[in-house]
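There are 4 protein chains.
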Amino acid sequence: MIDVRAGETYGGRVQIRIGFDLSFEVPQPVPMQLMLYVHPDQAGLLRQPERLVMEPVHPVEDFLDWFGNRAARILAPAGHLRIRYDNVISDSGRPDVPIEGLRLTPVHEMPPECWRYLFASRYCEVDRMVHVAWDLFGKTPETWERVQAVLDWVHGNVAFGYQFARPTKTAFDVYTERQGVCRDFQHLAITFLRALNIPARYVTGYLGDIGVPPAPNPMDFSAWAEAYVGDAWRVIDARHNHPRIGRVLMARGRDAVDVALTTSFGSTNLTEFSVWTEEIPG
Amino acid sequence: MIDVRAGETYGGRVQIRIGFDLSFEVPQPVPMQLMLYVHPDQAGLLRQPERLVMEPVHPVEDFLDWFGNRAARILAPAGHLRIRYDNVISDSGRPDVPIEGLRLTPVHEMPPECWRYLFASRYCEVDRMVHVAWDLFGKTPETWERVQAVLDWVHGNVAFGYQFARPTKTAFDVYTERQGVCRDFQHLAITFLRALNIPARYVTGYLGDIGVPPAPNPMDFSAWAEAYVGDAWRVIDARHNHPRIGRVLMARGRDAVDVALTTSFGSTNLTEFSVWTEEIPG
Amino acid sequence: MIDVRAGETYGGRVQIRIGFDLSFEVPQPVPMQLMLYVHPDQAGLLRQPERLVMEPVHPVEDFLDWFGNRAARILAPAGHLRIRYDNVISDSGRPDVPIEGLRLTPVHEMPPECWRYLFASRYCEVDRMVHVAWDLFGKTPETWERVQAVLDWVHGNVAFGYQFARPTKTAFDVYTERQGVCRDFQHLAITFLRALNIPARYVTGYLGDIGVPPAPNPMDFSAWAEAYVGDAWRVIDARHNHPRIGRVLMARGRDAVDVALTTSFGSTNLTEFSVWTEEIPG
Amino acid sequence: MIDVRAGETYGGRVQIRIGFDLSFEVPQPVPMQLMLYVHPDQAGLLRQPERLVMEPVHPVEDFLDWFGNRAARILAPAGHLRIRYDNVISDSGRPDVPIEGLRLTPVHEMPPECWRYLFASRYCEVDRMVHVAWDLFGKTPETWERVQAVLDWVHGNVAFGYQFARPTKTAFDVYTERQGVCRDFQHLAITFLRALNIPARYVTGYLGDIGVPPAPNPMDFSAWAEAYVGDAWRVIDARHNHPRIGRVLMARGRDAVDVALTTSFGSTNLTEFSVWTEEIPG
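Protein chains in written order, with my numbering: chain C, 1145 to 1426; chain U, 1145 to 1426; chain Y, 1145 to 1426; chain P, 1145 to 1426.
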């Protein structure tokens, strides 16, 4: 098997099977927002049209949110609700790589639409972390190395564990508790970057163990991030902090608030959950 | 003089002179975002084209942000910077009035673009205030009365004082400290409303003492809010909680992060500040 | 079996076997504080002298802390450390009962040493909860009913679950998240009570399932509290909110900071943990 | 005039006049705790017996709190309340000096009563600052230099300003906002020290401008701290971070909660306030 982490590279495109199977108990009808599609930027690489299969059959209203994500909304009926999806996507096989020496774009040279990703958001209290960020990273060069220093710090100082997840956890909490899940790693890195005047946004998607040893945990959706460096958005990932292939983008936003996979405006219970992301051999 | 608070109403349109004069000391060149224009929704009512007069003369780049606000950005030069604006706007003379009995729009009937104003944001920790909101307001009718109950509660339980302002203050802080400036009143009301599944957004603008006794403090910009009720956005104001005329809209956003009048990506000192909003007699 | 919750009462004293068996991995020598003895107020009811059995054998220095608790301290050696304790205590068999109509002692009539239990502490942010407490409970009578209203509110509004525990969780967090373990229930109740000028202190001890149906979870130490009402300290328990017998007191303090069962000034890992609290038949 | 900051020293004892004059409006009778005496450790140096002069004349009950401070309590009557105090104390004339190279006492060698000053308290969230403290100071030597590094960091990174005071502000807030009054400087330093296993306690007292240029602000009470180093408690002061003479100790505690100069269990308004601390010439 190719080992991306050892520097080996795929010779060409990779076919990845992606999908999920979610079940909910819904005590009474409740509106839900679903961000469960592949992002329009990558949807052209899918083998089949996208479809959320609902049981019971139920109308789904699609819309583009203001970040450009494809979202859906439903009025979930009371009772058991199952949502499934299955597809195959063609991935470039190229790992995201850090680009040493790349210049940080000065704030006044960025397109205005980058600025929104410099501001504070629910889980990224930029205003409270400015001093800390400059204390830690103010002496790094004004290049990709500053971004890398942030990623290295977060990766090196925060311990991963599913038991550390909680819905109200912010970047600030992660900074003091030094524990979290992938969402928490990204929130802290994003907050540091914004405080350093580097636009950063939060991303959700599929990230399978392709080209890396399989993880012991059941497959889950993943979170990573993007930073605006050298006049373009670049993938970053404080959780793994290592080049990966096979990132399938679902949604981008300011932080996890904007791109929750499902948001219920009322009570629902997730009763079953499985996700798959597997390389299709051949 | 007409006294709006006593139920008297203006017979027709009112001409209002608006403007400001701001001075900054800028230690070294710094990018700034300025949200100092009248909002496009009301700009058609201005007597003259809008212009930010800069001293020294300096290029200004205008853009529309993703909320539809007209914003400007500059690379402020080192030294003294002065920004002035003066204009006259024609106001309807009609006060914003509560609409008793108006139905709350169910979440699944709202246009999708309302949903973004149901989510948590930096200063509006909806996720932490859900239980409190339902404890306090869960038994009110599903009409405008629920909105009014929120406004009455915030207005009646929070004390106003300029000394209570601080940049990191959130809705949650306001709820426990019960003190704040107009921004804080609105953040708390917005957070309660979102927790109750009523979209709410934050607004900045001019609000002069028109039809009300003059306030003792020097004139300042103001903040109010909008709630989506009865299939439309309605003005709300937990700070004054009384019908007013002459609200001149500048910008809308999720909370104060999005619509700060000036945002500096580096150090600046505001050295002088005056704002005017006066009815032009005749 | 006697069922205390059904109103049945024990005819007389009950013998309870208590003890624990704890194991730690200690990477390098670390000072530890142990609050693992029965409190001096109840130690006279023990069948045998108290002894912490250490493996390896290790000197233990006992002391009384400033709350009057009996504590021990050790310099834990590197390697495996095991601490055991086993004893039998004679309990009155009388449940703690609410005392309806009992007058709240006015602040200026309390002994000065009660006042320390009116102040804020690490996990009990009284200063931030004063307004909330008076909103919720200000109209209750100035008797035991006010205490009972606090206990009922906390018991009824907070969901119990071991997965909700975290070391930094404060009363304020519990109030907004509405989830927690027994420590969290008590912290919130204590904070409300202090805000209402009722002294309240935090208690740790053994609480077995005596006279109540056995709980499904493995036995653990428990936390409850005491409130100063009617000129005396009274047992309260927002977690169970029902009369119980067989509370074996270990330590009292302002909150969980003061009475942690073990506190390590450096790194240790708890590897095994069992606690027993069983009625001895006959 | 002797200038202590320039290294000049007083040849001998200094006589200092101390006192205050406080007025309150009291809407209805309210219990108050007053920590307005000189601490028993220094009371032997006073020229006259201590007396709180109350207008109207009112009974005062003195007591020692559990930290060993002399406190008073009253049931303040409704109406105007004035409390005055005036005295002269003899000061050693010796500045508090850092003691380079002094060994930090290992935790297990300290007397047990030091340990209470290692724990978290309301305004000193040690549990949330452990990682930050070790990041910043973990490489300093295990001597007085570690304490000095903490004082230098706090002194150098926090800006002083009366407008930055607020009652709920914690060490954690100071760390992120980098602004505060003397209380805030000490809370942050104390929290870092405890996180580093160095006992630290909070102190209030008189600190006049003796041997230093007069400050521009009206005289106020002051706060400093004490750290346990080299087997004894030593004065530290992150606010001034320079040797001073003439510290008149009033009260010690875990943080500002324990030693508030006045605590009201109900509503009172401070209407007038003056404090004096002057060297008596000759």
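Hints listed in this document are in silico derivations from the structure and should not be mistaken for laboratory results.
This structure is a prediction, so every number in the text was calculated from the model and none was measured.
Each residue gets a CB set at the ideal place from its N, CA and C atoms; glycine is no exception.
Hints may contain errors.
What the hints assert, rightly or not - What follows is a list of derived Cβ distance ranges for each label pair: (1) Y:S1418 with C:R1247: 55 to 61 Å; (2) P:A1222 with Y:W1278: 54 to 60 Å; (3) Y:G1374 with C:F1417: 48 to 54 Å.
Okay, the hints, checked on the actual structure:
{"no.": "1", "hint": "Y:S1418 with C:R1247: 55 to 61 Å", "result": "60 Å, holds"}
{"no.": "2", "hint": "P:A1222 with Y:W1278: 54 to 60 Å", "result": "20 Å, violated"}
{"no.": "3", "hint": "Y:G1374 with C:F1417: 48 to 54 Å", "result": "53 Å, holds"}
The structure does not agree with numbered hint 2 stated previously, though it agrees with all others.
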